[in-house]
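Colleague: Work out the full structure: start from the sequences and follow the hints.
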Amino acid sequence: MTTPPMTPVLTMSAVVLGLLVLSTLAVWLLRRWRPAGSWDELSARVRAWWVMAAVFLCAVAVHPVVSLVFFALMSFWALKEYVTLLKTRPHDHATLFWAFAAVPAQYWLVHVKWYGVFIIFVPVYMFLLLPVTLVLARETKGFVASASQIHWGLMAFVFGLSHLGYLLQLPALPGRGVDGRALVLFVVFVVEMSDVLQYVWGKLFGRHKVLPSVSPNKTWEGLVGGVLSAALLALPLRFLTPFSPLETAFVALGVCIAGFLGGAVMSAVKRDFGVKDFGTLIPGHGGMLDRVDSLCWAVPLFFHYVYWAWY
Amino acid sequence: MRRLLQALFFAVVVRPFLALFIGLRVCGREHLPPGDPFVLIANHTSHLDTVALLSLFPLRRLGRIRPVAAADYFLAGKARAWLSRTLFNILPVARHRVTRGNNPLEVMRAALAAGESLILFPEGTRSREGEPGRFLPGVAHLAEACPEVPIVPAYLVNLGRSLPKGTFLPVPFFAEVRLGPPLRPTGTRAEILIALESAVAALRDAT
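Protein chains in written order, with this note's numbering: chain A, 6 to 316; chain B, 24 to 230.
Worth flagging that the hints you see were computed from the coordinates, not collected in a lab. Be careful, since some hints might not be right.
Said to hold, decoys possible - Simulated pairs of lysine-lysine, DSS-like, Cα-Cα distance not exceeding 25 Å:
| id | chain 1 | residue 1 | chain 2 | residue 2 |
| --- | --- | --- | --- | --- |
| 1 | A | K92 | A | K146 |
| 2 | A | K281 | A | K208 |
| 3 | B | K188 | B | K101 |
| 4 | A | K92 | B | K101 |
| 5 | A | K281 | A | K92 |
| 6 | B | K101 | A | K146 |
All values reported here derive from a predicted model rather than from experimental measurement.
Modeller: Here it is as structure tokens:
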């Protein structure tokens, strides 16, 4: 077999389509039963999910290069949202330029599957390069803040997200009919479902806040209900993975909790910046970062587990 | 031929660049006059300012919209002069050694009389992002000389972070163009100047 099997993509497309139809129907019914309620945001969110699911599934299905370009654009957009809200100094200009230049470089490393450099390029080489470019700007006031903030963004949104690309490139496991693409579908679906279900459980039963000073909308009921139900939902998707049933549950729980923590970290960042959303790219959701925040934390952990345990 | 090159440049390079690389947002597009002439005034922090303001118009209108630009800077050197004239259709004005023959006010008035619209940065030069720039009196002279021409205030956000003065490579930041309703200020020149300055400042402070 030279071409990877399309079956996982088709199956997941069918699953996602079913869920989207169901949620669209649910919103429609809610509007009919309780016309007084405010369903506009929910409705906008569901509509945006249709677009996001279609774009993502296409990007993953067509060709690995298309997928990598798409992931690189996600990193680029997220990094742009982040630096726009940073209090940058005029002297950071060259440093920011190099930070953005790291996006194509990092995804090129993913493309050529150069694992040794992929895994240290941002944490080591960019870490060493960025402060040097700041030194060349010859302004010491605010130096440490600039060096740290810019590299932090690079780690989270470029290094972290690019693991999705490397995961996609992982070869098929002999005898299991599972390849990197199926693993990407698995982790993205489970993490995003966990986000959605945390929101739903939180809206329905949320009473006790988890982190009131960071994110007033996150509740224990939402967290536990969302994470558990997403992990449960992951079990029938075991065909996308090489895992045993117990391992599937364990990994799904892990990525959902990591996703929650990623969301909490980005909430803290937003609080610090004094904004509600990172941008306006996705109606009802906010910016790119508001949607991929959980992936930035869950995907590297998922990748390294799979890479360690199965490759 | 020049206008065709400019339209092509805006369609193929400028618009994709502003949409994908910068992610430019426009607020108050409805305030743009549907016909010429008018004067569009804005704060000035970057070479991208002119690019962004020109991109607000349909390609076929570009030929009649002239960014007022310092001749000593934009016509210095053959390549720069060609680019400024061809791709940006600038209206060059003298900043130094002003004579009766090259008086900027007359040059601008003639362009308006010929039915062309102007993009004018009344600060006269690029300032730092976020720092309030003071308008030079020229814009008040122009408003007084052409009281029938509407003046549209604009405030540009973050373009000065993307490509500040003294840099050559743009860095992507989300940027915004905020447009205000057209003005026809009256009164003394000092009053006109204050009215225009505060119209731009009001857009800066709006969120």
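Colleague: Is the Cα-Cα distance between K281(A) and K208(A) 25 Å or less?
Modeller: 18 Å, holds
Colleague: Taking only the CA atoms, is the gap from K92(A) to K146(A) under or equal to 25 Å?
Modeller: 13 Å, holds
Colleague: Between K101(B) and K146(A), is the straight-line Cα distance small enough, at 25 Å or below?
Modeller: Measuring from Cα to Cα gives roughly 40 Å; hence the hint is violated.
Colleague: Given the hint that K188(B) pairs with K101(B), test it: the Cα-Cα distance must not exceed 25 Å.
Modeller: 21 Å, holds
Colleague: Between the alpha carbons of K281(A) and K92(A), is the straight-line distance 25 Å or under?
Modeller: 17 Å, holds
Colleague: Hint check: K92(A) vs K101(B), CA-CA at most 25 Å. Holds or violated?
Modeller: Given that 25 Å is the threshold and the Cα spacing comes to 39 Å, the pair is violated.
In summary, the structure is inconsistent with hints 4, 6 from the numbered list given earlier, while agreeing with the others.
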